[in-house]
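Asker: Numbering (the working numbering), first residue to last: 3 to 92.
One or more of the hints may lead you astray.
[As the list claims (entries may be wrong)] Taking CB as the label site, the calculated pair distances span:
#	residue 1	residue 2	range
1	Y47	Y14	16 to 22 Å
2	G84	H55	22 to 28 Å
3	L9	K30	29 to 35 Å
4	K30	E57	16 to 22 Å
5	K35	F85	35 to 41 Å
6	R82	T26	31 to 37 Å
7	E34	L62	32 to 38 Å
8	L62	D25	20 to 26 Å
Bear in mind the hints are in silico, worked out from the structure with no lab data behind them. C-beta: ideal position from N, C-alpha, C; glycine also.
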Amino acid sequence: MRTDEKLALNSYKTDTESHIRVDTLLCKDCREKNCLLFCPGDLYYIDENGEVHVEYSGCLECGTCMLVCPKGAIRWSYPRGGFGIRLRYG
(Lines of atoms letter the chains of each structure in order from A; the text may use other names.)
(Lines give C-alpha, C1' and ligand atoms only; values in the text may rest on other atoms or scores of the structure.)
Protein backbone atom coordinates (compact mmCIF):
# COMPACT_ATOMS: atom_id res chain seq x y z
CA MET A 3 0.00 0.00 0.00
CA ARG A 4 1.37 3.43 -0.97
CA THR A 5 1.76 6.24 1.56
CA ASP A 6 -1.03 8.35 0.03
CA GLU A 7 -3.38 5.36 0.23
CA LYS A 8 -2.52 4.87 3.90
CA LEU A 9 -3.06 8.57 4.63
CA ALA A 10 -6.47 8.42 2.94
CA LEU A 11 -7.58 5.94 5.62
CA ASN A 12 -7.11 8.50 8.39
CA SER A 13 -10.04 10.51 9.67
CA TYR A 14 -10.16 13.84 11.47
CA LYS A 15 -12.35 15.41 14.09
CA THR A 16 -11.87 19.07 13.32
CA ASP A 17 -11.96 21.66 16.08
CA THR A 18 -13.29 25.16 15.46
CA GLU A 19 -10.06 26.50 17.01
CA SER A 20 -6.79 26.05 15.14
CA HIS A 21 -3.89 24.46 17.02
CA ILE A 22 -1.48 26.15 14.58
CA ARG A 23 -0.82 29.88 14.48
CA VAL A 24 1.16 31.65 11.75
CA ASP A 25 2.64 35.08 12.47
CA THR A 26 2.22 36.63 9.03
CA LEU A 27 4.39 39.62 9.94
CA LEU A 28 7.37 37.35 10.60
CA CYS A 29 6.59 35.31 7.47
CA LYS A 30 6.57 38.34 5.23
CA ASP A 31 10.38 38.60 5.11
CA CYS A 32 11.02 34.85 4.97
CA ARG A 33 12.66 33.82 1.73
CA GLU A 34 12.74 30.07 2.38
CA LYS A 35 9.05 29.38 3.09
CA ASN A 36 10.04 25.95 4.43
CA CYS A 37 6.51 25.32 5.69
CA LEU A 38 5.36 25.11 2.06
CA LEU A 39 8.02 22.53 1.27
CA PHE A 40 8.17 20.28 4.32
CA CYS A 41 4.61 19.91 5.64
CA PRO A 42 3.77 16.25 4.87
CA GLY A 43 0.07 17.15 4.67
CA ASP A 44 0.74 19.99 2.19
CA LEU A 45 -1.43 22.30 4.32
CA TYR A 46 0.39 25.61 3.90
CA TYR A 47 -0.42 28.03 1.08
CA ILE A 48 0.20 31.63 0.04
CA ASP A 49 -2.85 33.82 -0.58
CA GLU A 50 -3.26 36.51 -3.24
CA ASN A 51 -1.65 39.06 -0.88
CA GLY A 52 1.47 36.93 -0.44
CA GLU A 53 0.62 35.87 3.14
CA VAL A 54 1.20 32.32 4.37
CA HIS A 55 -1.82 30.48 5.79
CA VAL A 56 -2.48 26.95 7.01
CA GLU A 57 -5.47 24.64 6.61
CA TYR A 58 -5.14 23.07 10.05
CA SER A 59 -7.96 20.55 9.69
CA GLY A 60 -5.76 18.07 7.78
CA CYS A 61 -2.78 18.30 10.14
CA LEU A 62 -0.87 15.07 10.79
CA GLU A 63 0.28 16.51 14.16
CA CYS A 64 3.97 15.93 13.50
CA GLY A 65 5.21 19.45 14.29
CA THR A 66 7.50 19.59 11.25
CA CYS A 67 6.25 23.06 10.27
CA MET A 68 7.33 24.54 13.59
CA LEU A 69 10.73 22.85 13.45
CA VAL A 70 11.63 23.98 9.92
CA CYS A 71 10.46 27.60 10.23
CA PRO A 72 13.64 29.74 10.30
CA LYS A 73 11.76 32.80 11.61
CA GLY A 74 9.93 31.08 14.47
CA ALA A 75 6.67 32.31 12.95
CA ILE A 76 4.73 29.09 13.50
CA ARG A 77 3.23 28.26 16.88
CA TRP A 78 2.13 24.65 17.01
CA SER A 79 0.51 22.63 19.78
CA TYR A 80 -1.53 19.46 19.94
CA PRO A 81 -5.24 19.91 19.26
CA ARG A 82 -7.60 20.04 22.22
CA GLY A 83 -8.63 16.69 23.66
CA GLY A 84 -10.92 14.70 21.41
CA PHE A 85 -9.92 16.60 18.27
CA GLY A 86 -7.38 16.02 15.53
CA ILE A 87 -6.23 13.08 13.46
CA ARG A 88 -7.48 9.55 14.03
CA LEU A 89 -4.93 7.16 12.59
CA ARG A 90 -6.50 4.16 10.92
CA TYR A 91 -3.54 2.23 9.53
CA GLY A 92 -1.00 0.22 11.50
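Asker: Can you list which hints this structure breaks, lowest number first?
Answerer: Hints 5, 6, 7 not satisfied by this model.
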